[in-house]
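Asks: What follows is the residue order along each chain.
2 protein chains.
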Amino acid sequence: MNAEFVNPFLQALQNVLSMMAQMELKPGKPQLKQDEMARGDVSGIIGMVGPQVKGSFSISFEEKLACEIMSKMVGEEPDTLDDEVCDMVGEITNMVTGGAKKTLGEKGYEFQMATPIVVSGKDHTISHRSDGKKLIMPFSHQAGQAYIEICFEEISSS
Amino acid sequence: MNAEFVNPFLQALQNVLSMMAQMELKPGKPQLKQDEMARGDVSGIIGMVGPQVKGSFSISFEEKLACEIMSKMVGEEPDTLDDEVCDMVGEITNMVTGGAKKTLGEKGYEFQMATPIVVSGKDHTISHRSDGKKLIMPFSHQAGQAYIEICFEEISSS
Chain A
56 MNAEFVNPFL
66 QALQNVLSMM
76 AQMELKPGKP
86 QLKQDEMARG
96 DVSGIIGMVG
106 PQVKGSFSIS
116 FEEKLACEIM
126 SKMVGEEPDT
136 LDDEVCDMVG
146 EITNMVTGGA
156 KKTLGEKGYE
166 FQMATPIVVS
176 GKDHTISHRS
186 DGKKLIMPFS
196 HQAGQAYIEI
206 CFEEISSS
Chain B
56 MNAEFVNPFL
66 QALQNVLSMM
76 AQMELKPGKP
86 QLKQDEMARG
96 DVSGIIGMVG
106 PQVKGSFSIS
116 FEEKLACEIM
126 SKMVGEEPDT
136 LDDEVCDMVG
146 EITNMVTGGA
156 KKTLGEKGYE
166 FQMATPIVVS
176 GKDHTISHRS
186 DGKKLIMPFS
196 HQAGQAYIEI
206 CFEEISSS
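These protein sequence lines are chains A and B, in that order. In terms of my numbering, the first sequence opens at residue 56 and continues consecutively. In terms of my numbering, the second sequence opens at residue 56 and continues consecutively.
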C-alpha cells in the first residue's frame with residue numbers, strides 16, 4: 056500500500072472536517088507496522104470490496120474530540136457520546152470513504168463500500184485483521200486525538 | 056430481510072462453534088427493531104458488498120464467553136482478551152460470514168466479504184448504520200452472552 060492509496064483518505068478526512076466543522080486536525084506520523092493500535096471512545100468502521108482488493112477503514116475519536124466536532128457542527132456541545140454523535144461518526148466514515156473512493160476510482164482503483172458500523176465504548180481498540188499492509192495514522196487537536204487506520208489485501212483468484 | 060437471509064448466519068455460527076470448540080450457544084429471540092444494541096467486550100465486524108445489496112455483520116462476546124471458547128479450542132484458558140483471543144474472534148467472524156456466503160450464494164444472493172476488524176474494550180456497543188433492516192440476535196451460554204447483528208440494504212442504482 057503506497058501513498059497514492061492512502062493520501063485520498065487523509066485528504067478526504069481533512070476536507071470533511073474543514074467543511075462540516077471548520078476544524079483542522081494536525082496529522083501525525085503514519086505507521087506501517089502494527090506496533091500501535093487505533094484507540095478511541097467512538098469509532099466508525101467500514102468494509103471495502105473491489106475486483107482486485109478488499110479491505111477496511113476505521114476512524115477513532117477520543118470522546119472530547121468527537122463532542123467538539125459535534126459542537127462545531129450544530130452549535131451545541133453534547134455531554135456524552137449520545138446517539139447523535141454516533142450518527143455523526145457514521146456519517147464522517149461514509150463521507151471520508153466516499154471521498155477516497157472517488158479519487159481512487161479516477162486513478163483506476165475501484166471498490167464498493169459496505170455499510171458503516173459505529174462502535175462506542177470508553178478506550179476501545181480497533182484491530183484490522185488482514186494479510187495486507189495496514190497503515191495507522193494519528194491526528195491531533197487540542198480537544199483530543201483521532202486515529203485512522205486503512206488496510207487492504209489482494210483478493211486471491213481462487 | 057427475511058429468515059432465508061438470516062438463518063444461514065445463525066446456522067454458520069452454531070456450526071463453527073460446535074466444530075471448533077464443541078460448544079452450543081442457545082439462541083434467544085431475534086429482534087428486528089433497534090431497541091436493543093449489540094454489546095460485548097470483544098467483537099468481530101465485517102462488511103459485505105454484492106451486486107444488489109451491501110451490509111455488515113458483527114458478533115460480540117462477553118469476555119468470559121470469549122475466553123471459554125478459546126479454552127475449549129486450545130485447552131488453556133486465557134486470563135484476558137489478549138491478542139490470541141482477538142485473532143480467534145476475527146477468525147470466527149470470517150468463518151461465520153464465509154459459511155453464510157456459501158449458503159446464500161447457492162440461493163442466488165451473491166456478495167463479497169471485506170476483511171474483518173476486531174474491537175476490544177469493556178462493554179462497548181455496536182451500531183450498524185444503514186437504511187436497511189437490522190436483525191439482532193442474542194445467544195446465551197453459561198459462560199456469558201453473545202450477540203450477532205446482521206444488516207443489509209439495497210444498493211441504489213445511481
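Read the hints as simulated data drawn from the structure, not as lab findings. We put the CB at the ideal spot given by N, CA and C, even for glycine. Be aware that a few hints might be false.
Pulled from the structure, derived: some chain B residues nowhere near chain A, Cβ distances all over 10 Å [said to hold, decoys possible]:
| hint | residue |
| --- | --- |
| 1 | S111 |
| 2 | C141 |
| 3 | V174 |
Only pairs whose alpha carbons sit at most 25 Å apart, straight line, appear in this in silico DMTMM-like list of lysine to aspartate or glutamate [said to hold, decoys possible]:
| hint | chain 1 | residue 1 | chain 2 | residue 2 |
| --- | --- | --- | --- | --- |
| 4 | A | K162 | A | E91 |
| 5 | B | K119 | A | E209 |
| 6 | B | K188 | B | E208 |
| 7 | B | K188 | B | E59 |
| 8 | A | K177 | A | E209 |
| 9 | B | K177 | A | E91 |
| 10 | A | K177 | B | E117 |
| 11 | B | K177 | A | D142 |
| 12 | A | K119 | A | E165 |
| 13 | A | K157 | B | D178 |
| 14 | A | K162 | A | D142 |
| 15 | A | K188 | B | D137 |
| 16 | A | K177 | B | E208 |
| 17 | B | K188 | A | D178 |
| 18 | A | K188 | B | E208 |
| 19 | A | K157 | A | D138 |
| 20 | B | K157 | A | E209 |
| 21 | A | K177 | B | E59 |
| 22 | A | K177 | B | E139 |
| 23 | A | K119 | B | D134 |
| 24 | A | K127 | B | D137 |
Asks: For every hint, state whether the structure bears it out.
Replies: Going down the list of hints, with the structure as the test:
1. S111: With a cut-off of 10 Å, B:S111 comes too close to chain A, as the shortest Cβ separation is near 5 Å.
2. C141: Not fine: 6 Å to the nearest Cβ puts B:C141 too close to chain A.
3. V174: violated, 5 Å
4. A:K162 - A:E91: Distance ~30 Å between A:K162 and A:E91 Cα, so the pair is violated.
5. B:K119 - A:E209: Roughly 35 Å between the alpha carbons, so the hint for B:K119 and A:E209 is violated.
6. B:K188 - B:E208: It holds: about 7 Å lies between the C-alpha atoms, which stays within 25 Å.
7. B:K188 - B:E59: holds, 14 Å
8. A:K177 - A:E209: violated, 33 Å
9. B:K177 - A:E91: Holds, at roughly 19 Å.
10. A:K177 - B:E117: Judged against 25 Å, a Cα distance of about 16 Å means the pair holds.
11. B:K177 - A:D142: Distance ~21 Å between B:K177 and A:D142 Cα, so the pair holds.
12. A:K119 - A:E165: Violated. A:K119 to A:E165 sits at ~35 Å, over the 25 Å cutoff.
13. A:K157 - B:D178: violated, 36 Å
14. A:K162 - A:D142: Violated, at roughly 30 Å.
15. A:K188 - B:D137: Holds. A:K188 to B:D137 sits at ~22 Å (cutoff 25 Å).
16. A:K177 - B:E208: Violated: A:K177 and B:E208 sit about 29 Å apart, past 25 Å.
17. B:K188 - A:D178: violated, 29 Å
18. A:K188 - B:E208: Violated, at roughly 29 Å.
19. A:K157 - A:D138: violated, 28 Å
20. B:K157 - A:E209: holds, 20 Å
21. A:K177 - B:E59: With a Cα-Cα distance of about 36 Å, the restraint between A:K177 and B:E59 is violated, given a limit of 25 Å.
22. A:K177 - B:E139: With a Cα-Cα distance of about 22 Å, the restraint between A:K177 and B:E139 holds, given a limit of 25 Å.
23. A:K119 - B:D134: violated, 31 Å
24. A:K127 - B:D137: The given pair, whose Cα atoms are some 37 Å apart, is violated under the 25 Å limit.
Checked against the numbered hints given earlier, the structure breaks hints 1, 2, 3, 4, 5, 8, 12, 13, 14, 16, 17, 18, 19, 21, 23, 24 and satisfies all the rest.
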